[in-house]
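Engineer: In order, the protein sequence lines correspond to chains L and G.
Just so we're aligned, residue 1 is where the first sequence starts under my numbering, counting upward by one.
Just so we're aligned, residue 1 is where the second sequence starts under my numbering, counting upward by one.
You may find that some hints are simply not true.
Here are the simulated EDC-like pairs of lysine to aspartate or glutamate, each with C-alpha atoms no more than 20 Å apart in a straight line [as the list claims (entries may be wrong)]:
no.: 1; chain 1: L; residue 1: K126; chain 2: G; residue 2: E439
no.: 2; chain 1: L; residue 1: K96; chain 2: G; residue 2: D234
no.: 3; chain 1: L; residue 1: K56; chain 2: G; residue 2: D198
no.: 4; chain 1: L; residue 1: K19; chain 2: G; residue 2: D198
no.: 5; chain 1: G; residue 1: K436; chain 2: L; residue 2: D22
no.: 6; chain 1: G; residue 1: K436; chain 2: L; residue 2: E174
no.: 7; chain 1: G; residue 1: K185; chain 2: G; residue 2: D438
no.: 8; chain 1: G; residue 1: K436; chain 2: L; residue 2: E162
no.: 9; chain 1: G; residue 1: K271; chain 2: G; residue 2: D13
no.: 10; chain 1: L; residue 1: K56; chain 2: L; residue 2: D22
no.: 11; chain 1: L; residue 1: K37; chain 2: L; residue 2: E162
no.: 12; chain 1: L; residue 1: K37; chain 2: L; residue 2: E49
no.: 13; chain 1: G; residue 1: K4; chain 2: L; residue 2: E174
no.: 14; chain 1: L; residue 1: K19; chain 2: G; residue 2: E439
no.: 15; chain 1: L; residue 1: K126; chain 2: L; residue 2: D22
no.: 16; chain 1: G; residue 1: K444; chain 2: L; residue 2: D22
no.: 17; chain 1: L; residue 1: K37; chain 2: L; residue 2: D51
no.: 18; chain 1: L; residue 1: K140; chain 2: G; residue 2: D198
no.: 19; chain 1: L; residue 1: K19; chain 2: G; residue 2: E429
no.: 20; chain 1: L; residue 1: K19; chain 2: G; residue 2: D234
no.: 21; chain 1: L; residue 1: K37; chain 2: G; residue 2: D198
no.: 22; chain 1: G; residue 1: K4; chain 2: L; residue 2: D147
Note that these hints are calculated values from the structure, not bench results.
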Amino acid sequence: MSSSHAMGASGATVKAVYKHLDCLLQGIHDLQHAGLKDFTVLSPIPRHEIDEMLYKGEPSPVRWFTLAGGILGGTMIFSLASLTHANWPMIIPGGKPLVSIPPFLVVTFEGTILWASMFTLTGLLKFCGLPAMNLHPAMKDPRFTNDCFGIVFERSGNRLDEIVHILESSGATEVTHG
Amino acid sequence: MSNKLTYAQVNRDIMRPLFTPTMAWHGLMALALLGLAIGGVCWGIQLVWGLGVAGYHPPVFWGVYITTFVFWVGIGHAGTLISAILFLTRSRWRTGIYRAAEAMTIFAVMTAALFPAIHVGRAWQAYWLFPYPNQRQLWQNFKSPLMWDVFAVSTYFTVSTVFFFIGLVPDIAAVRDNTRGYTQKLYAAMALGWHGTDRQWRHYMAAYGFFAALATPLVLSVHSVVSWDFAMADTPGWHSTLFPPYFVAGAIFSGCAMVITLMLPLQRVFKLDAYIHIWHFEHLAKLCMFTGGILTYSYGCEYFIAWYSDNPYEWGTFVDRVVGKYWWVFGTMVLCNCTIPLLWWFKRVRTSFAGLFIVSIVINIGMWFERYNIIASSLAHSFDPAAWVYYTPTYIEMGILVGSFAWFFTWFLLFVKIMPSVAIAEIKETLRPPLKHDEEAAAK
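Next up, chain L with everything else stripped away, as it sits in the complex (with noise of 0.2 Å):
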C-alpha cells in the first residue's frame, strides 16, 4: 500500500493496475455486484467486454453530432451555391436553370461530409472530455498505455475496505490507496 495522494473528505483515492483482462472484468463485474458504480477503468486498447459491462450496449451520442453536422453543413453549402447564383445571375446558355440541382449536389456533398467530419470530432472531443488536462493524477499512470489494464475511484467514500478487498481478491496485481 502506498499513500500517494491525499484523503479528501469523501474518502481516498483507490488504483488497481491489472495484467490480465478477465482479472479486471472479473474486478468491475465484483464491484457492480456489490453496488459500486463510481470508478473509472482505463486500458490500452479498447475491448467491447469493459463497454458492455459498462454501458450496457447504450450507443455512443457522438452520433446526433455526425447527424447535425451533415444536415446544416449540406444546407449551407446548398444555400451558399444558390444564393451566389441568384446575386450574380449570369447569363446561362440553353436556358438551364439559375439554381441547378445536378451541379450543385457535387458541393453540396462535399459540405456534408465535411460538416458531419468536423461536428463529429467536436463531439468526440466534448464527450471525451478532451483536451483532459485535469484527469485524477492516479489514472495517469504509463503502464494504462502499455500493457497493463486499471480500476481508478477518485473517491471511496466510506467503503474504502471494501473496495480494495474486491480489486484484491479479483486479481490485481497492485492496489494502491491514499
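Add chain G to chain L, keeping to what the hints say.
Structural biologist: Structure of chain G alone, referenced to chain L:
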C-alpha cells in the same frame, strides 16, 4: 500477427525507430532536401519571370503541373481506402500498414495542393479559387468542375487529416509515456490528455467508425470530381462518362503501388517484420491487379467508344495518341500500367521484395504518363488542325516535378521519425489479450 507478441513488446518494437536517425535516414533526407532545393529554385524562377518559362504553347495551357496535380491526388487515394474502407469491412490485413498509408495520403494531397498555386503562375492570387465575393462583387461559379475540385480536394484533405490525427491520439499518448523532458511535454500536448479511460474509448470508437463511414464516399468521389475537370469539357479525348470510374480505379492502382514502394523499405530498415508481412504486400498487389484490370479495360473501352461514336475529332485524337508525336507517352503508359504489372499474376513475383518494389515503381511511372497522355495529347490535338502543336515540358517544369517528389518524401521521412508508423493500439487489438486463464493453463 504472431500470438507470441505481448503488449509491451509491441510498444517497444514500434517506438524503437523513433527519434534516433540512422545514416540511411540522413542520406535520404539529404537527397530529399536537394530535390526540394531544385524544385524551390525552379518555382522561384517561374514566380520572377512568369509562366513563360513553362513549356506552354497555345492551345496547350495544361501540362506537367496539372498532370502532377492529378498524379498526387491519385496517390492520396490508397491511404484512406485502406484506413476507412478496409476498417468498415473489418479487413484485418489493414492494421499493419494503414498508419503509414494514411500519412502518405496526407502528404500526397499536401503535394497536390501546391500545384494549383504553381499552375496559375501568380501564386499569391491563388486564394481567388475560394468562394468569396471579390472587389467586383463577382462570385465563383458553382457549376464549374474546377470549383467542385476545390471543394472536393480541400474536404478530402481536411477529413483525411482529422481521421489520421484521431487515429494517432492513443499512440501519441503511448509515446508520451515513454519519453521525458521537453519531448514528453510536446507529445503530452498532442495527446490531448488521453489516458485510455472507459469514457474516452467509448466515444472514440463511435467517432472513429463515423469518420471511416464519412471518409469512404470521399475516396470514391474525389477522383470522380477531378476527372470532371476534364470530362465536363468538350475537348476530344476528355468528354466521356467513363472518366469517373476510370480515374478512381487508376487512383487506387497508383496509390496502392506507392504504399508498396514506401512500406517495403520501411519494413526492412525498421525491422518491422513481426507487424508487416509479405502477405500485406501481396494483398496490396492483388488490389493493384484488380484495379489495373479495370484500368486496362477502360483504355480499351475508350478506344471502342471513340471509334463507335463516329466522331472524326474524337477518333482522330485517339489515333494520334498511338501514331502521332505522343506515341512514346502512350507506349510508356500501356507498358507500365497494362503489361509489366501482369508479372504480379505470378505468386513468386508478387511475394518477392524485388518483384514488388520494381513493379510498384513502374506502375507509378506509368500512372504519371497516363495523366500526361490524357492532358497534353488531347489539348495538342484538338478540333482545328491549324492549332495542332507539340507541347514538351521545360527544365523548369521538370525541376518542379522533382521538387514535388522531394517535398513528399521530406514529410514522409520526418513522419517516420516522430510518429509511430504502425498503429500501436490497433496492433494490440489483433493480439490475444493477456489472460490469467491462459497462464494457468500453460502452467499446468
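Engineer: Work down the list of hints and note, for each, if the structure agrees.
Structural biologist: Cross-check of the supplied hints:
no.: 1; hint: L/K126 x G/E439; in the structure: 40 Å, violated
no.: 2; hint: L/K96 x G/D234; in the structure: 18 Å, holds
no.: 3; hint: L/K56 x G/D198; in the structure: 13 Å, holds
no.: 4; hint: L/K19 x G/D198; in the structure: 17 Å, holds
no.: 5; hint: G/K436 x L/D22; in the structure: 7 Å, holds
no.: 6; hint: G/K436 x L/E174; in the structure: 15 Å, holds
no.: 7; hint: G/K185 x G/D438; in the structure: 38 Å, violated
no.: 8; hint: G/K436 x L/E162; in the structure: 23 Å, violated
no.: 9; hint: G/K271 x G/D13; in the structure: 8 Å, holds
no.: 10; hint: L/K56 x L/D22; in the structure: 18 Å, holds
no.: 11; hint: L/K37 x L/E162; in the structure: 13 Å, holds
no.: 12; hint: L/K37 x L/E49; in the structure: 16 Å, holds
no.: 13; hint: G/K4 x L/E174; in the structure: 25 Å, violated
no.: 14; hint: L/K19 x G/E439; in the structure: 11 Å, holds
no.: 15; hint: L/K126 x L/D22; in the structure: 31 Å, violated
no.: 16; hint: G/K444 x L/D22; in the structure: 18 Å, holds
no.: 17; hint: L/K37 x L/D51; in the structure: 14 Å, holds
no.: 18; hint: L/K140 x G/D198; in the structure: 14 Å, holds
no.: 19; hint: L/K19 x G/E429; in the structure: 16 Å, holds
no.: 20; hint: L/K19 x G/D234; in the structure: 66 Å, violated
no.: 21; hint: L/K37 x G/D198; in the structure: 13 Å, holds
no.: 22; hint: G/K4 x L/D147; in the structure: 14 Å, holds
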